[in-house]
Amino acid sequence: MARKTPEVPATSLADIAFMLLIFFLVTTTMDVDSGLRRKLPQWAPDQEQEEEAEIKERNVFVVLVNRNNDLLVEGDFIRVDDLRERAKEFMANPYNDENLPEKEPLEVPYFGEQMVTKGVISLRNDNDTQYGTYLAVQNELVAAINELKDELSKEKWGKAYADLNIDQQRAVKMIYPSRISEAEPKGKNF
Amino acid sequence: MSKFRKDDGKETPPISTASLPDIVFMLLFFFMVSTTMREVTVNVKQTLPDATELSKLEKKSLVSYIYIGEPKPSFQKTFGKAPRIQLNDQFASVGDIPDYITAEREAREEAERPSMITSLKVDVNTRMGLVTDVKQELRKAAALNINYSARKRAER
Numbered sequence: 001m002a003r004k005t006p007e008v009p010a011t012s013l014a015d016i017a018f019m020l021l022i023f024f025l026v027t028t029t030m031d032v033d034s035g036l037r038r039k040l041p042q043w044a045p046d047q048e049q050e051e052e053a054e055i056k057e058r059n060v061f062v063v064l065v066n067r068n069n070d071l072l073v074e075g076d077f078i079r080v081d082d083l084r085e086r087a088k089e090f091m092a093n094p095y096n097d098e099n100l101p102e103k104e105p106l107e108v109p110y111f112g113e114q115m116v117t118k119g120v121i122s123l124r125n126d127n128d129t130q131y132g133t134y135l136a137v138q139n140e141l142v143a144a145i146n147e148l149k150d151e152l153s154k155e156k157w158g159k160a161y162a163d164l165n166i167d168q169q170r171a172v173k174m175i176y177p178s179r180i181s182e183a184e185p186k187g188k189n190f
Numbered sequence: 001m002s003k004f005r006k007d008d009g010k011e012t013p014p015i016s017t018a019s020l021p022d023i024v025f026m027l028l029f030f031f032m033v034s035t036t037m038r039e040v041t042v043n044v045k046q047t048l049p050d051a052t053e054l055s056k057l058e059k060k061s062l063v064s065y066i067y068i069g070e071p072k073p074s075f076q077k078t079f080g081k082a083p084r085i086q087l088n089d090q091f092a093s094v095g096d097i098p099d100y101i102t103a104e105r106e107a108r109e110e111a112e113r114p115s116m117i118t119s120l121k122v123d124v125n126t127r128m129g130l131v132t133d134v135k136q137e138l139r140k141a142a143a144l145n146i147n148y149s150a151r152k153r154a155e156r
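For the protein sequence lines, the chains are A and B, in the order given. For the first sequence, position 124 matches number 124 in our numbering, and the numbering has no gaps at all. For the second sequence, position 11 matches number 11 in our numbering, and the numbering has no gaps at all.
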């Protein structure tokens with residue numbers, strides 16, 4: 001009668017598994033890439049300048065960033081920290097100030113007829129501006145619009161903008177469109 | 001009484017390690033599933049800027065990366081200290097971007113192409129001139145969805 005084969009020892013299984021485990025632990029990168037989402041305008045040579053000329057002065061919020069990373073907003077010299085408030089004031093224009101952008105009536109679902117701002121934020125930077133500053137400015141401008149959207153959705157539905165459904169989000173977006181236009185940077189001017 | 005003191009004097013038996021492999025395998029599978037291997041080695045210095053209004057890039061398969069920054073010390077002899085563009089594993093110039101975008105587009109399914117995102121991983125100290133050139137090339141190549149890669153900043 002043949003002898004029974006002895007059982008394979010399983011004690012080293014743990015060691016092998018550990019080795020694999022350590023390999024995967026070391027090679028793992030769990031970071032999810034995050035960032036500021038923007039959409040570039042369509043490529044259309046020689047059209048931008050004309051388009052820009054059509055917009056009235058009071059409807060444009062001019063943000064200039066120079067090569068020393070200083071900010072000039074609507075002719076005032078301000079810090080990045082104050083930019084958000086200025087941009088919010090511009091986009092909301094709560095008291096219909098004459099120097100702030102015009103509004104036009106627009107039929108918005110959920111809200112009925114609303115006065116919607118015609119304001120456009122125009123961002124222009126120098127070729128020597130640091131990317132860090134540029135992104136900080138972009139971030140503040142996006143934050144300003146996002147805060148306005150959030151305030152409006154809290155007022156209307158008591159929820160943050162991110163928690164609304166798609167139709168509601170679309171309605172809020174109609175009232176506060178994010179219109180940030182970037183002019184071609186100038187080389188050595190201003 | 002003696003019934004309960006049977007083992008008196010004897011040593012406690014060793015804990016069975018038979019289930020150890022199972023536990024380790026469980027961990028192993030977790031890491032295997034959650035791992036994403038780095039596809040490119042980044043040859044430029046990267047200190048990403050901080051921002052608050054971030055959104056996550058959920059579908060990694062749709063993202064193509066453009067790295068911009070000063071070359072790492074080991075590359076500075078050949079490429080100098082000025083910020084450079086890196087596409088895939090090589091340093092590139094602005095003119096190479098359309099080809100890169102086309103290649104990335106070819107690699108995706110037709111249905112996925114409109115929702116492709118280009119993630120710009122740019123060092124904080126880069127001058128905007130270079131970034132603007134890259135953006136113009138992206139516009140020409142009609143890769144309009146972009147993402148300025150940044151880290152989360154604690155709200156002030």
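Among these hints, one or two may not hold up.
Here are the simulated SDA-like pairs of lysine to any residue, each with C-alpha atoms no more than 20 Å apart in a straight line [said to hold, decoys possible]:
(1) A/K39 / B/R113
(2) A/K39 / A/A143
(3) A/K88 / A/R179
(4) A/K39 / B/M116
(5) B/K121 / A/R86
(6) B/K152 / A/A162
(7) A/K88 / A/D167
(8) B/K45 / B/S19
(9) A/K159 / B/E53
(10) A/K103 / A/K39
(11) A/K173 / A/R67
(12) B/K45 / B/M116
(13) B/K152 / A/N59
(14) A/K88 / B/F91
(15) A/K39 / B/I117
(16) A/K154 / A/T133
(17) A/K39 / B/E53
To be clear, the hints were calculated from the coordinates, so they are not data collected in a lab.
Here is what the structure says about each hint:
1. Our distance criterion of 20 Å between C-alpha atoms is met by A/K39 and B/R113, whose separation comes to about 15 Å.
2. Taken as a hint, the A/K39 and A/A143 pair is honoured in the structure, with Cα atoms around 16 Å apart against an allowance of 20 Å.
3. Simply put, A/K88 and A/R179 have alpha-carbon atoms about 13 Å apart, close enough for the 20 Å limit, and the pair holds.
4. For the suggested pair A/K39 and B/M116, the alpha carbons sit about 12 Å apart, so the restraint of at most 20 Å is met.
5. Distance hint between B/K121 and A/R86 is unfulfilled; the C-alpha atoms sit about 29 Å from each other, more than 20 Å.
6. For the hint pairing B/K152 with A/A162, the CA-to-CA distance comes to about 18 Å; that is within 20 Å, so the pair holds.
7. Distance check on the hinted pair: A/K88 and A/D167 sit about 24 Å apart at the alpha-carbon level, beyond 20 Å; violated.
8. A threshold of 20 Å between alpha carbons decides the hint, and for B/K45 with B/S19 the separation of about 45 Å lies outside it, so the pair is violated.
9. Under the criterion of a C-alpha separation no larger than 20 Å, the hint pairing A/K159 with B/E53 is consistent with the structure, at around 18 Å.
10. Under the criterion of a C-alpha separation no larger than 20 Å, the hint pairing A/K103 with A/K39 is inconsistent with the structure, at around 25 Å.
11. Restraint check for A/K173 and A/R67: not satisfied, since their Cα atoms lie roughly 33 Å apart, outside the 20 Å limit.
12. Using a Cα cut-off of 20 Å, the hinted pair B/K45 and B/M116 is violated, with the two alpha carbons roughly 25 Å apart.
13. For the proposed pair B/K152 and A/N59, the alpha carbon gap of about 32 Å is over 20 Å, so the pair is violated.
14. As the CA atoms of A/K88 and B/F91 are separated by approximately 41 Å, the hinted pair breaks the 20 Å bound.
15. For a cut-off of 20 Å, the pair hint linking A/K39 to B/I117 stands: about 10 Å separates their Cα positions.
16. A C-alpha spacing of about 31 Å is found between A/K154 and A/T133, which places the hinted pair above 20 Å, so the restraint is violated.
17. Straight-line distance between C-alpha atoms of A/K39 and B/E53 comes to about 15 Å, which keeps the hinted pair within the 20 Å bound.
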